[in-house]
Amino acid sequence: MTPQEGRDARTMLGVSAEATDEDVRKAYKRLRAVYASEATYGLLAPDEINQFRDAIDAAYAVLMDPERRARLRPDATPTPPIGSLTLPAGFLAGVAGPPTPTPNPAAAAPLRAAARDEGFEEFQASATGEGGGATVAGGAADSDAAAGADRADEQNLAREVGAERGTPSAVPSGSGVSAAAGAGARAAAGPFDLLGASGEALDGSGSAPVALAGPFGGGGVAATPAHATPPAPGAAAHARLDLELRPDMPLTGELLRRVREARNVDLRDVSHHTKVSVTQLHAIENEAFQALPAAVYVRGFVVEYARYLRFPDPQAAARSYLERYRAFLDARGS
Amino acid sequence: MTPTAEARAAAAKEGATNEASQGAGPHLCVFAAGKGGVGRTLLAVNGAVYLANMGYRVVLFDADLGNCNLHTLLGAEPPDRTLDDFVHKRVDSLNALVVPTRVANLGLVSAARDPIGAASLKHGPRTRLFTHLASIQADYVVVDTPVGTGLTTLDFFNLAHGPVAVTVATPAATERLWRFICAAFIRSALRVGPPAPARALLEEAFDQSVGRPAPSPGALVRAARALDEASATAVEQARARFRPALIVNEARTRADAELGEAIRVLARDRLDVDLDVLGTLSWDEAAWISVSRRRPVVVEAPESPFSQQIEQLVHRLRARVEAHPPATAAAPAAGVAGEAPATGVDR
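Sequences listed follow chains U and E, in order.
For the first sequence, our numbering assigns the number 12 to the initial residue and increments by one for each residue that follows.
For the second sequence, our numbering assigns the number 1497 to the initial residue and increments by one for each residue that follows.
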């Protein structure tokens, strides 16, 4: 983000240079609501509204840029997790960002893949040791859960997944704590028991959890074994890795499936909650477009599915999916 | 609804202030709407009754010529003396038209008994009417204007210390509201007597807006910048001074309740207009029943949500009216483009 881009984006959203992420998020939501309301009637043509919507989406993406986030929250300040999603080792293939020092020497590097709850343009996996790291390393299942809940940032998915559902949202990694993590994981329950998946993976493969980096989606997901740093006094390390979902990254059936599997959720569970049949969910994941009903229904299905998986902005996610579905329909000439 | 001692004291002080400063007219509150049936008259009547109950001397002014019904909402018979007598110079003063109502402190100027078809005032009578408004013996004159973007309505609106546009949450009403706001601005910019190039620009904008959206105040400011500096200044100052208030009536849903804020944001971002949302009135059966009984809601059902919301709105409107005296109340200030908003007749 260049300074000028930042200024333009702030002007667009009507926020000051001092605005926090939360301010930006609120301003964005407000504007979206305004331009979706019937107050626009007689003032703006539908294409003007769409144009503006695209513009505020873009501005939001600029301001929620992880680089900016990093600048706003320098080094020592423990960065609250943006949300938590733990992926099993080997789930993603690729390269990780380098580990960065942590101010908390006791902390290991719990793996967190975090998703922004708005815009879905950013998907962040951070492996910071901050705050609760020591507690986590303590190893008790309940304290692990509590630490996860404590760290839940109000503006993140973790709040929604972790706090509301009462599931832990972080898993510690590294040789010193992985066993405890596994125990904690198995103690937790629920469809979003993110620990479960990685716990199994840890135990099964014996490898360290992965830290995510790079683009997420469309097969561009990158991951690497975490730097499993034993908690050693003075030798603090944490791997804070950003995994960004850019607006131009499409929501694919593959992505839905990966996230679902990462969350250890069965298609039948999804079907049960979304009231979309397993067959159709299957078709959505496989992008078997010919097996899907009219676009208007598919849109609803995808929104429901994405919402169930706690995608940050199910509507936006569905839009990109539907674009490809419509392209398919057009190509087929129907 | 009983006026508190405090309010009476305040009202008495207010009266004294007005009398002390000779020539200072009443506060002028104008209710207007781009679309009919949105509750503009209902708000004017109940707001006026509430102010009267507070102890202010209030005159309810029915400017809805050819379509007047204020007396009906007040449960009164059409008075003998009406605005028509003033327009045709059978009376010299608007004070002669004020008839008492059943509500203490509340007088009525009716437009009843006007000839059918008298929908709008011609330029001469209109100017004379506006000149005489300031001489009405009252603390507040609450005006109910004709629906739409007629010149009488727009000029009353721009004359007001508290111009209030009323809408409901329907697409048809918001569509008319935007049109009304743009038209009112053009008219207000013309009122200050802008330099010739700006005047030509504004008049053209006004004439070309038949059946299509009027150019926004922001667009007019930008267009004026291309003319000359004096024109740009005049239109920009008119824009800065143009501060309508908005009431959303008959809100039934949460989305309805949020409409006012959405309109405010859109007015700011799209029209460059600072619009104050005075409040939202929720749909209330009591209001509807009172209207059919020809009784003011605030009298008939003082505990109803509608009455309580009216109470809040009146207090906000009062604060606004007293904080924002009009540019001029008496006569259009031709040629004084740089005039400050406070240099009016008020206090």
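Please note that a few of the clues may not be correct.
[Unchecked claim] Straight-line C-alpha distance at most 16 angstroms; calculated EDC-like pairs for lysine to aspartate or glutamate:
{"id": "1", "chain 1": "U", "residue 1": "LYS40", "chain 2": "E", "residue 2": "GLU1807"}
{"id": "2", "chain 1": "U", "residue 1": "LYS37", "chain 2": "E", "residue 2": "GLU1757"}
{"id": "3", "chain 1": "U", "residue 1": "LYS40", "chain 2": "U", "residue 2": "ASP68"}
[Stated by the list, open to error] Derived coverage of chain E by chain U (criterion: at least 3 residues anywhere in the stretch with Cβ under 8 angstroms from a Cβ of chain U; other residues may be distant):
{"id": "4", "stretch": "1669–1681"}
{"id": "5", "stretch": "1743–1757"}
[Said to hold, decoys possible] Listed next, with one range per pair, are the computed distances between beta-carbon atoms:
{"id": "6", "chain 1": "E", "residue 1": "GLU1799", "chain 2": "U", "residue 2": "ARG335", "range": "55 to 63 angstroms"}
{"id": "7", "chain 1": "E", "residue 1": "ASN1591", "chain 2": "U", "residue 2": "ARG64", "range": "53 to 61 angstroms"}
{"id": "8", "chain 1": "E", "residue 1": "SER1616", "chain 2": "U", "residue 2": "GLN15", "range": "29 to 37 angstroms"}
{"id": "9", "chain 1": "E", "residue 1": "THR1749", "chain 2": "U", "residue 2": "ARG64", "range": "17 to 25 angstroms"}
{"id": "10", "chain 1": "U", "residue 1": "THR13", "chain 2": "E", "residue 2": "ALA1726", "range": "33 to 41 angstroms"}
Derived by calculation from the structure, the hints in this document are not laboratory data.
On a predicted model such as this, the values are computed, not experimentally measured, just so you know.
C-beta: ideal position from N, C-alpha, C; glycine also.
Structure versus earlier hints, numbers of those that do not hold, lowest first: 1, 8
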